[in-house]
Amino acid sequence: MSIPRPKPEKFRLRRTMMFMNAQKPGLIKDAYIYGADSIMLDLEDAVAENQKDSARFSLYHALKEIDYGDTEVIVRINGLDTPHWKEDIRVCVAGGCDGIRIAKTESAQDVKTVDEAVTEAEKEFGVEVGRTLLMAALESPKGVLNAYEICQASPRLFGVALSGGDYRKCMQVKVIPGGIEMLAARGHMLMAARAAGIQCFDTVFTNLNDDEGFRAEVKQNVEMGFDGKSLINPKQIPIVHEMLAPSQKEIAEAEKIVRAYREHASEGVGVFTLDNGKMIDIAFVPGAERVIKLAKASGIYEGDL
Amino acid sequence: MELKAVGTAGTLESSDVMITLEPTTSGGIDLTLESSVINQYGRQIKAEVLASLERLGVKNAKVIVNDHGALDCTIKARVECAYYRACQCDMDGKFDWGGVIR
Numbered sequence: 001m002s003i004p005r006p007k008p009e010k011f012r013l014r015r016t017m018m019f020m021n022a023q024k025p026g027l028i029k030d031a032y033i034y035g036a037d038s039i040m041l042d043l044e045d046a047v048a049e050n051q052k053d054s055a056r057f058s059l060y061h062a063l064k065e066i067d068y069g070d071t072e073v074i075v076r077i078n079g080l081d082t083p084h085w086k087e088d089i090r091v092c093v094a095g096g097c098d099g100i101r102i103a104k105t106e107s108a109q110d111v112k113t114v115d116e117a118v119t120e121a122e123k124e125f126g127v128e129v130g131r132t133l134l135m136a137a138l139e140s141p142k143g144v145l146n147a148y149e150i151c152q153a154s155p156r157l158f159g160v161a162l163s164g165g166d167y168r169k170c171m172q173v174k175v176i177p178g179g180i181e182m183l184a185a186r187g188h189m190l191m192a193a194r195a196a197g198i199q200c201f202d203t204v205f206t207n208l209n210d211d212e213g214f215r216a217e218v219k220q221n222v223e224m225g226f227d228g229k230s231l232i233n234p235k236q237i238p239i240v241h242e243m244l245a246p247s248q249k250e251i252a253e254a255e256k257i258v259r260a261y262r263e264h265a266s267e268g269v270g271v272f273t274l275d276n277g278k279m280i281d282i283a284f285v286p287g288a289e290r291v292i293k294l295a296k297a298s299g300i301y302e303g304d305l
Numbered sequence: 001m002e003l004k005a006v007g008t009a010g011t012l013e014s015s016d017v018m019i020t021l022e023p024t025t026s027g028g029i030d031l032t033l034e035s036s037v038i039n040q041y042g043r044q045i046k047a048e049v050l051a052s053l054e055r056l057g058v059k060n061a062k063v064i065v066n067d068h069g070a071l072d073c074t075i076k077a078r079v080e081c082a083y084y085r086a087c088q089c090d091m092d093g094k095f096d097w098g099g100v101i102r
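Chains as they are written, first to last, in the working numbering: chain A, 1 to 305; chain B, 1 to 102.
Hints are supplied without guarantee of correctness; some may be wrong.
[To be verified] Using 30 Å as the maximum straight-line C-alpha spacing, the simulated DSSO-like pairs for lysine-lysine come out as follows:
1. Lys174(A) <-> Lys10(A)
2. Lys7(A) <-> Lys46(B)
3. Lys104(A) <-> Lys46(B)
4. Lys278(A) <-> Lys10(A)
5. Lys59(B) <-> Lys7(A)
6. Lys46(B) <-> Lys24(A)
7. Lys29(A) <-> Lys52(A)
8. Lys24(A) <-> Lys4(B)
9. Lys86(A) <-> Lys142(A)
10. Lys104(A) <-> Lys296(A)
11. Lys249(A) <-> Lys46(B)
12. Lys62(B) <-> Lys256(A)
13. Lys104(A) <-> Lys256(A)
14. Lys46(B) <-> Lys29(A)
15. Lys94(B) <-> Lys123(A)
16. Lys112(A) <-> Lys10(A)
17. Lys256(A) <-> Lys219(A)
18. Lys7(A) <-> Lys52(A)
19. Lys235(A) <-> Lys256(A)
20. Lys62(B) <-> Lys4(B)
21. Lys46(B) <-> Lys112(A)
22. Lys62(B) <-> Lys104(A)
23. Lys46(B) <-> Lys86(A)
24. Lys169(A) <-> Lys142(A)
25. Lys24(A) <-> Lys62(B)
26. Lys169(A) <-> Lys235(A)
27. Lys46(B) <-> Lys94(B)
28. Lys46(B) <-> Lys4(B)
29. Lys104(A) <-> Lys169(A)
30. Lys59(B) <-> Lys256(A)
31. Lys62(B) <-> Lys219(A)
32. Lys52(A) <-> Lys94(B)
33. Lys296(A) <-> Lys94(B)
Since the hints were made in silico from the structure, they are not lab data.
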């Protein structure tokens, strides 16, 4: 039995990316029911060194036999400084995962090295070359400083994510409410990702008992412009989806912009004003369309755009 | 490949199965099964283990299966892992995904 998966979509909605230990059968069999946009089956830190072999077999059969439906399936592979990453890539590609998360990315060359190994594996296993997507996790100051070159390193790359644990260790800081210790990294990475035209994801929030702290961090993520967040527990998923959902006011405004733009464009007019006096040109349209898309994904859109 | 030592994979956690392979020189596959769902699924679990062993080319072995409600995909994964551990050779870059592992 083998579940065929459709070709992965490079720029899909990825509000929530939930980590799952690829080695734990009890977890991976139910992974899709939680409703995350993406799940990240982990071969790296969640798997003990003496179980790296075992996790690959679990992963292979899970990819082949469990129906994940619309949930995107990403695999986090071991770092390029380990003996494991090459075989990790072979199993990911042979199993047909949607994408690979590269741990501890420090340079464009790291992404290119993985890209080449993925291409080789796609040829070996008869998978369409270019099908497997990549994302890069930045986990050190060096990785963050090289973010822009990393973001442009491969056409497979759909996004970058920050990994707070290792980054904070390198910077000799601890978790601070409000996130002052991560501000520069978040800002720099966001700018690099936007400049390169790819997505950007924030790090995990690990204190599961601190609901208020989690909400405050997600709120900041939204305000800074992140596409989504890595998560470690299913209970975090609905909170992120709810907080990323646009308000009815925002939806109405977005609808007005999209409709008015379409009408004016067909008459050959590029700049116009809405009834509230706001000047609108083409620069506003992608943002408005994104609001509509988010509203649809959040299940709160009742219009017909 | 030949089994060189005892190979074990899996855990005794719920939804998992622990498989132990021990090399023998004759007598075919000697399989012992313990399972929390033996009455409903005993036959199916045995068939899954034997099919995996056949794909891997194992002719003779003592096999102990301690199941706690594993899905088929987990059973296969644990048999294969126990097998490669018992063979004790470096397979990096050579695992036959989609071939004998399927």
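Given pair status - lysine 169(A), lysine 104(A), alpha carbons within 30 Å: 13 Å, holds
30 Å Cα cutoff - pair lysine 256(A), lysine 219(A): Holds: lysine 256(A) and lysine 219(A) sit about 25 Å apart, inside 30 Å.
Proposed proximity, lysine 235(A) with lysine 169(A) (alpha carbon, max 30 Å): 27 Å, holds
Pair hint outcome, lysine 52(A) versus lysine 94(B) [Cα-Cα no greater than 30 Å]: Cα-Cα ~15 Å, so holds.
Hinted pair lysine 46(B) and lysine 24(A), Cα distance within 30 Å: 22 Å, holds
Straight-line alpha-carbon gap lysine 59(B) to lysine 7(A), limit 30 Å: 40 Å, violated
Holds or violated: lysine 24(A) to lysine 4(B), with C-alpha atoms at most 30 Å apart: 27 Å, holds
Restraint status (C-alpha distance of lysine 29(A) to lysine 52(A) at most 30 Å): The hint holds at about 19 Å.
Holds or violated: lysine 62(B) to lysine 4(B), with C-alpha atoms at most 30 Å apart: 13 Å, holds
Agreement of lysine 62(B) and lysine 256(A) with the hint, judged by alpha carbon distance not exceeding 30 Å: Not OK: lysine 62(B) and lysine 256(A) at ~71 Å, beyond 30 Å, violated.
Distance restraint between lysine 46(B) and lysine 4(B), which requires alpha-carbon spacing of 30 Å or less: 23 Å, holds
Holds or violated: lysine 7(A) to lysine 52(A), with C-alpha atoms at most 30 Å apart: 28 Å, holds
Going through the hint list in order, the structure does not satisfy hints 1, 2, 3, 4, 5, 10, 11, 12, 13, 19, 21, 22, 23, 30, 31 and 33.
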